[in-house]
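Student: For reference, the chains in residue letters:
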Amino acid sequence: MGRTNSGSRGGGRHTGPAVRAGDATRGDAGPPPVIQIRRVTKSYGLGDATVHALRGPSDPVTGEPLGVTLDIEQGDFVAVMGSSGSGKSTLMNILGCLDVPTGGRYLLDGTDVGHLDEGQLSLVRNRKIGFIFQSFNLVPRTTALAQVELPLAYAGARSAERRRRALAALSLVGLADRSGHKPNELSGGQQQRVAVARALVTAPAMLLADEPTGNLDSRSTEEVLGIIDGLNAIGRTVVLITHEDEVARHAKRVIRLVDGAIVSDVRQGPVAGPPPAIRPELVGGRS
Amino acid sequence: MILWQMLRFAFGGLAANKVRSALTMLGVLIGVASVILLLAVGNGSSVAVKDSITALGTNSLTVSAGSSFGGARGASTAKKLTVDDAKALASSAQAPDIKSVAPVVTTTGAALYGDISYTPGSIVGTYPAYFETSNQKVEKGDYFSNDDVLNARKVAVLGSTTAKQLFDTEDPVGKQITIGGTPFTVSGVLKTKGSTGFNDPDDLVIAPLPTVQNAFTGFGSVNQILVQATSAETTTAAQAEITQILMGTHALADATKLDFRISNQASLLTARESTGKTFTVLLGAVAAISLLVGGIGITNIMLVTVTERTREIGIRKALGAPKGVILGQFLTESTLLSVLGAGLGVLAGLIGSHFSIVGIKPVVIPESVLAAFGIAVAIGLFFGSYPANRAASLRPIDALRHE
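So the sequences go chain by chain: A and B. Every letter in the first sequence is one number past the one before it in my numbering, and letter 100, counting from 1, is 100. Every letter in the second sequence is one number past the one before it in my numbering, and letter 106, counting from 1, is 106.
So that you can see chain B by itself, here it is in the shape it has in the complex:
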């Protein structure tokens, strides 16, 4: 019999039980939509992570004190990082791949403006190179200059959160705040970076290194040295150069017993990317299971349909319907269920991906749409074949006797 007629029979069969067909399709719809949507969310989150890490600057390296091997014996004798280390890195002829160096000290303390007191997340003392290396840009006012650093001027750049807390709607530029008894003139306000987790990167005060050392930490060690490589490709070379130079200044001979640690954004990126992939795979697996459950729903409903229409199958067989036609009729019906369900699921998934989900903007993977649709249709064929085969193999005499 021709395909068109089979399709018409299948449509008739589905239309006879509209609610049942709709619910079965809903199962497939949810499966397909969740595959598309969850993969898009996973993909979207890894795209977002990649973007934010790229925004931090992929060519920046952070040197911090302490052994990179947790239980190293030499920890007690470890030298702290100093401004001299930073100077050695900055001036060394052995480091052609280092673009700029910024030693960093961090401390905390309450800031006062008028009668408003606020404790920012951190107070950072550093060199102007810090701004470029850590991808901080001013929105209002200006950075402090090398001149400010040399003269240990009492100027500060505020993060946007800190500025809002202290000044609310007032323009902070040129105003004076007091931190730990020391008056600072606000020279600029940084652009909002936005929170990436529990830490607010906009809640900080940045001031010249000697000013902060003078007022709070003293002229001892620094917490970190931020190094910017000349480009993203040279970070590995720059890392080797830093190791070489610091081993010299710290008088270390054994490269396995370093008393400092170098981390770069690229390795962070790789780590976050692999986390993102695991996340995506997990989401995809959950979605695939729901697709499978939708497929089992098809089998279930088709088995019910076959049982319910056993008599009809008997009549058709008595009229001379060959096995293939009966098989085709029920297979068409189950495939139609899955095709319609999958089509609506693709639609739902694509529409759903326009909304941001738990703060993540989903990015649809085109292959996932095709794969989800294809798998759903294949599931319809596969899961429909058992009930269809059962219908086709019924003996006409038994089918006719069925009440």
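Isolated chain A, as found in the complex:
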């Protein structure tokens, strides 16, 4: 469940009508949002050369950027859309704790990640976030099983436990029989499915997918999106960044970014229900 900061300073953030309406559909007793970002800005460069990659609306009086404010509820499936340069990658990096915002606060699963040091951030990335990248980003020369075991290894899991959970995750994406293959022995779609298995193996609070289908053909795209739909249907929070409407169709909520500010926030389906584009035969995993 979310809201956009479309009002002026102080006014719209907490008491806007959209927020009230959103809360009403969900009820106040629900779990706290997985992601709460408050007036987050990100800028590069100094002085006149400053570029605001993430700015939110401008203050009507001073013209200063007010920053982006956004909540994402547990179990939601959010697509962040925008053309290149719109700030969606910056938002994704901040959400993934890969980059730190210039200003504002970011609470992930109730933890303020703004005050964490390098070591704690790596722990957060390991435990709370599962990344899926456009270019798969598998570790070269490593078997699929070892890829999926990697986050568990960094988390300090025991060997047998690692193996069991990694195999379960690979079965969930339908690649149990490919566990001994290295990235160069897998097709693009299979590589991305290994990446999905790797992202979900630690049972993170959020799956963060950056254009997961950007490098895939249409059949693999359907496969990967089907898996993501399935994961959301069993309760995983998914944030997906894309510029394709076809992909955004799968999300329950679509946020559009233009020039570093949220311009629209459309709900396509309820947080509690299954994702709108799910194909029923995929629910419950494939093995």
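By construction, these hints were calculated from the structure, which means they are not laboratory data. Check the hints yourself; a few may be wrong.
[What the hints assert, rightly or not] Incomplete in silico selection of chain B near chain A, CB under 8 angstroms:
id	residue
1	304
2	318
3	325
4	327
5	328
[What the hints assert, rightly or not] In silico DSSO-like cross-links for lysine-lysine, where the CA-CA straight-line distance does not exceed 30 angstroms:
id	chain 1	residue 1	chain 2	residue 2
6	A	182	B	18
7	B	87	B	154
8	B	18	B	257
9	B	154	B	164
10	B	323	A	182
11	B	193	B	277
The C-beta atom is built at its ideal place from N, Cα and C for all residues, glycine as well.
Starting from the structure of chain A, add chain B where the hints point.
Tutor: Chain B only, in chain A's frame:
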């Protein structure tokens, strides 16, 4: 993460670039092998020098005419050494540490056997004590005796080179050769000592002193007096006694203005030993530099590896790899390079030390093996830490963006 996994990652990383890893290891290998081998060669040469000097006899002293201080004024009035000096040394009651004395004259001349003419390196006239003092042993025949000396018999002992030149495969013992018109009967042939440099110690003819004086040099001075002390420990005492006695016979009062010189093998030994040490240190330094260069090779290749795998580092960081794990992974990789290189280098050094190098049989110093290995591994850790630290400090966002 556990060590085993880190080792597996490191092995995988090295195996991914086999040629590169092998060349880097080769750098360390050469460094370690050259440290071990060059130190062994230096050590071997000083052992060889020590052995050859010990073979000469550490308790022999050589007295020769002339001032020990080059520019001494009394040089024109200096007395030459004579047979009388030798007799004084031999018979003096003041010299309990002197075992034997042999005056020596040397000359040159052509020797004839049949129609073969050969000029030996030197013709030595002396007493039988010379053989023991200068560590000369006969292989065939016999030495000449004191009786031969007293009767000035025309007998000669040949060095092995001279014997070979004159007689080739014939047995020289009992044959007659002519040196400078004087016929000599060959009584024996000396054992080969082997060359220690440009001088061939086996190219000589030794005959009784009066015979040589009679035929060539005349009954004047002698070139040297060879003195044998009773033992290696008494050479210093014997040296003092010789000085005392010769100052008496030469009527000298001032011990700083001697007209003779005494040298002993022990001082020669010390001098050669220190030369040998300098030699070893120099060789070791050159080898250490090559080890250092090998270490820089590791840094270089690890920097390339880190750059090349920046994206992989980014992925690992995004998956939650702590800084220490990345640091450990690259450090393990560089240390593995140096350990493998050093291990092979030790092997190469030990194998290489079985062959003689420029005529020197290398003698491996065990400490040098341990030190070279240890230093190489430490170099791997040290030179690997900079690239590893660079990898670990990469920001995940930058590392992921890296193409």
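Student: List in ascending order the numbers of the hints, as given earlier, that are violated by the structure.
Tutor: Hints 1, 4, 5, 8 contradicted; others consistent.
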